[in-house]
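Given next are the chains, with one letter for each unit.
Protein chains: 2
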Amino acid sequence: MTTVNALSEIAALMGDPARASMLSLLMDGRAHTASDLAHNAGITAQTASGHLSRMVEANLLAARAEGRNRFYRLASSEVAHAIESLMALAGTRAAPASKAAAWRRDPDLRFCRTCYDHLAGQVGIAVTDSLTRHGHLEPKGPRDWQLTNSGELFCERLGVDLDTARRTSSRHFARQCLDWSERRPHISGALGAAIADTFFKRGWAERLRRSRTVRLTDSGRRALGSHFAATV
Amino acid sequence: MTTVNALSEIAALMGDPARASMLSLLMDGRAHTASDLAHNAGITAQTASGHLSRMVEANLLAARAEGRNRFYRLASSEVAHAIESLMALAGTRAAPASKAAAWRRDPDLRFCRTCYDHLAGQVGIAVTDSLTRHGHLEPKGPRDWQLTNSGELFCERLGVDLDTARRTSSRHFARQCLDWSERRPHISGALGAAIADTFFKRGWAERLRRSRTVRLTDSGRRALGSHFAATV
DNA sequence: GTAATACTTCGGTAACGGCCGAACCATTGA
DNA sequence: TCAATGGTTCGGCCGTTACCGAAGTATTAC
Chain A
67 MTTVNALSEI
77 AALMGDPARA
87 SMLSLLMDGR
97 AHTASDLAHN
107 AGITAQTASG
117 HLSRMVEANL
127 LAARAEGRNR
137 FYRLASSEVA
147 HAIESLMALA
157 GTRAAPASKA
167 AAWRRDPDLR
177 FCRTCYDHLA
187 GQVGIAVTDS
197 LTRHGHLEPK
207 GPRDWQLTNS
217 GELFCERLGV
227 DLDTARRTSS
237 RHFARQCLDW
247 SERRPHISGA
257 LGAAIADTFF
267 KRGWAERLRR
277 SRTVRLTDSG
287 RRALGSHFAA
297 TV
Chain B
67 MTTVNALSEI
77 AALMGDPARA
87 SMLSLLMDGR
97 AHTASDLAHN
107 AGITAQTASG
117 HLSRMVEANL
127 LAARAEGRNR
137 FYRLASSEVA
147 HAIESLMALA
157 GTRAAPASKA
167 AAWRRDPDLR
177 FCRTCYDHLA
187 GQVGIAVTDS
197 LTRHGHLEPK
207 GPRDWQLTNS
217 GELFCERLGV
227 DLDTARRTSS
237 RHFARQCLDW
247 SERRPHISGA
257 LGAAIADTFF
267 KRGWAERLRR
277 SRTVRLTDSG
287 RRALGSHFAA
297 TV
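First to last, the sequence lines map onto chains A and B. To convert, note that position 210 of the first sequence is 276 in the working numbering; the numbers rise steadily by one, no gaps. To convert, note that position 202 of the second sequence is 268 in the working numbering; the numbers rise steadily by one, no gaps.
If you are wondering where the hints come from, they were derived from the structure by calculation, not from laboratory data. Each hint should be verified, as a subset may be incorrect.
Heads up, the list lumps identical chains together, so a pair's fine if it works in one copy or across two of them.
Restricting the straight-line Cα-Cα distance to at most 20 Å, the calculated cross-link-like pairs of lysine to any residue (SDA-like) are [unchecked claim]:
{"hint": "1", "residue 1": "Lys267", "residue 2": "Ala97"}
{"hint": "2", "residue 1": "Lys267", "residue 2": "Gly225"}
{"hint": "3", "residue 1": "Lys206", "residue 2": "Arg241"}
{"hint": "4", "residue 1": "Lys267", "residue 2": "Arg223"}
{"hint": "5", "residue 1": "Lys267", "residue 2": "Asn71"}
{"hint": "6", "residue 1": "Lys206", "residue 2": "Leu224"}
{"hint": "7", "residue 1": "Lys206", "residue 2": "Thr283"}
{"hint": "8", "residue 1": "Lys267", "residue 2": "Cys221"}
{"hint": "9", "residue 1": "Lys267", "residue 2": "Arg288"}
{"hint": "10", "residue 1": "Lys267", "residue 2": "His293"}
This one's a predicted model, so the numbers in the text were calculated from it and none came from an experiment.
Could you build the full structure based on these sequences and the hints that come with them?
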């Protein structure tokens with residue numbers, strides 16, 4: 067009884083187009099201002115304000131005030147994971163024909179995007195596969211990986227900030243996250259975020275404004291080949 | 067755009083109390099008649115019929131006609147997984163105080179229940195943990211386990227029907243499924259279902275009518291100790 | 001100080017969608 | 001063939017809620 071209501075309440079919250087649009091934008095893992103979210107969802111500020119406070123109330127979002135701005139972000143990676151799992155469902159929802167059409171409409175998003183704060187899509191999968199293929203990453207427990215000695219070395223040489231990643235002890239270090247477009251897990255958690263950071267810092271990838279879509283630069287494409295022995 | 071709409075549509079479908087109630091009942095993994103679902107949700111047959119056809123249309127449910135009855139079941143284990151992940155979110159949703167209260171209201175459900183067609187809750191976790199602890203089960207790939215030689219032997223001695231389980235080749239054999247109450251994976255897939263079957267056939271557990279809740283019998287409690295070296 | 005920006009609260013409107021009664025198919029059983 | 005049961009379709013009612021305009025509160029800028 068209780069659990070049923072909880073299910074319908076959470077789902078209903080995600081079930082409104084405007085709110086879904088906001089959540090979708092926030093899947094880039096960054097904090098956005100209320101007006102940014104309102105504009106993106108195509109609604110007025112006052113309407114958005116209502117939506118946002120309801121989602122904060124339900125612990126889907128966290129809010130932080132800064133000057134006269136209010137920044138909203140997803141409350142936890144669990145929220146991001148639930149959204150991904152719904153999107154994975156949505157992929158099988160449509161008939162095969164229209165499903166392919168829908169994805170063709172969003173090829174960039176399928177190619178490379180952020181999922182909360184780590185890389186996803188074909189590029190995220192390529193990186194993850196390369197790490198496991200070379201024995202840098204091995205399964206540890208049900209939904210995690212661990213870095214091997216060679217993986218440790220590899221990350222250091224790459225310039226991945228492992229210390230900071232390890233310092234956020236509250237968070238899973240190398241978590242598996244189901245990719246809704248590729249239907250296979252990519253690396254998330256603190257390590258996933260640190261790797262994504264490296265990609266941005268070294269100019270291998272850049273975020274597109276107002277979107278989860280990420281563009282792989284030319285040097286990024288070369289880096290994938292030279293460092294990861296992967297092509298995309 | 068496309069993916070956003072898909073998200074909101076799926077979520078909205080789960081977001082109606084009556085539909086959520088139906089989905090929740092169907093989480094027992096069995097097929098239920100339309101009137102059964104209607105009665106359980108507290109709505110009339112004609113209202114339920116509308117809900118059900120919408121969910122079939124969206125590939126959340128699968129329908130099978132049998133005589134003048136129509137049986138509905140969850141369309142796939144992915145659907146079950148998405149529902150579980152939403153429930154896991156709902157658990158953290160409320161403030162710690164009321165969250166504990168909500169769970170205390172449903173102690174049986176937390177203790178032992180079916181998730182789709184396999185055991186979940188504390189009992190499901192106890193069984194899974196015992197299997198891994200004794201080296202009967204080991205990780206294989208990102209979200210699966212595999213049965214070791216000793217595990218093979220153990221299951222045979224227990225009377226688990228491995229042959230039938232292996233014959234359903236379309237399905238994952240030993241899948242990991244995140245438990246929303248315990249926050250850790252328990253065993254699902256064909257093997258998980260076969261183990262649950264064994265529990266029911268040997269009288270170790272029995273389903274409660276119209277609910278996912280499962281009662282562990284006295285002999286079941288003893289079996290957990292003698293066969294699995296586990297207490298709950 | 002005043003003006004401008006960012007956001008929220010309130011009130012009223014409009015529309016979407018859940019709900020049931022009634023009527024309508026389809027299968028079973030006498 | 002006729003009644004009974006399970007399920008679906010149709011039409012109209014009603015409640016919920018998303019939405020925006022207007023007005024109100026902070027915070028920053030001049």
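**OP:** At 20 Å max between alpha carbons, let me know whether Lys267 reaches Ala97 within a copy, between copies, both or neither.
**Re:** Close inside one copy (19 Å), not across copies (52 Å); limit 20 Å.
Original post:
Within a copy, between copies, both or neither: where do Lys206 and Thr283 come within 20 Å Cα-Cα?
Top reply: neither (32 Å within a copy, 34 Å between copies)
Original post:
How would you label the pair Lys206, Leu224 (within, between, both, or neither) given a Cα cut-off of 20 Å?
Top reply: neither (23 Å within a copy, 28 Å between copies)
**OP:** Please work out whether the CA atoms of Lys267 and Asn71 approach to 20 Å or closer within one copy, between two copies, in both situations, or in neither?
**Re:** Neither, since 44 Å and 33 Å both go past 20 Å.
Subject >> Lys267 and Arg288: within-copy, between-copy, both or neither at 20 Å Cα >> reply: within (15 Å within a copy, 58 Å between copies)
Subject >> 20 Å Cα threshold - placement of Cys221 relative to Lys267 >> reply: Within one copy only: 14 Å inside a chain, 51 Å across chains, cut-off 20 Å.
Original post:
Are the CA atoms of Lys267 and Arg223 at most 20 Å apart within a copy, between copies, both, or neither?
Top reply: within (14 Å within a copy, 56 Å between copies)
**OP:** Classify it for me, Lys267 with His293: is the Cα-Cα distance of at most 20 Å met within a copy, between copies, both or neither?
**Re:** within (16 Å within a copy, 54 Å between copies)
Original post:
At most 20 Å between C-alpha atoms: does Lys206 with Arg241 qualify within a copy, between copies, both, or neither?
Top reply: Both, since 10 Å and 16 Å are each at most 20 Å.
**OP:** Classify it for me, Lys267 with Gly225: is the Cα-Cα distance of at most 20 Å met within a copy, between copies, both or neither?
**Re:** within (10 Å within a copy, 56 Å between copies)
In summary, the numbered hints that this structure violates are 5, 6 and 7.
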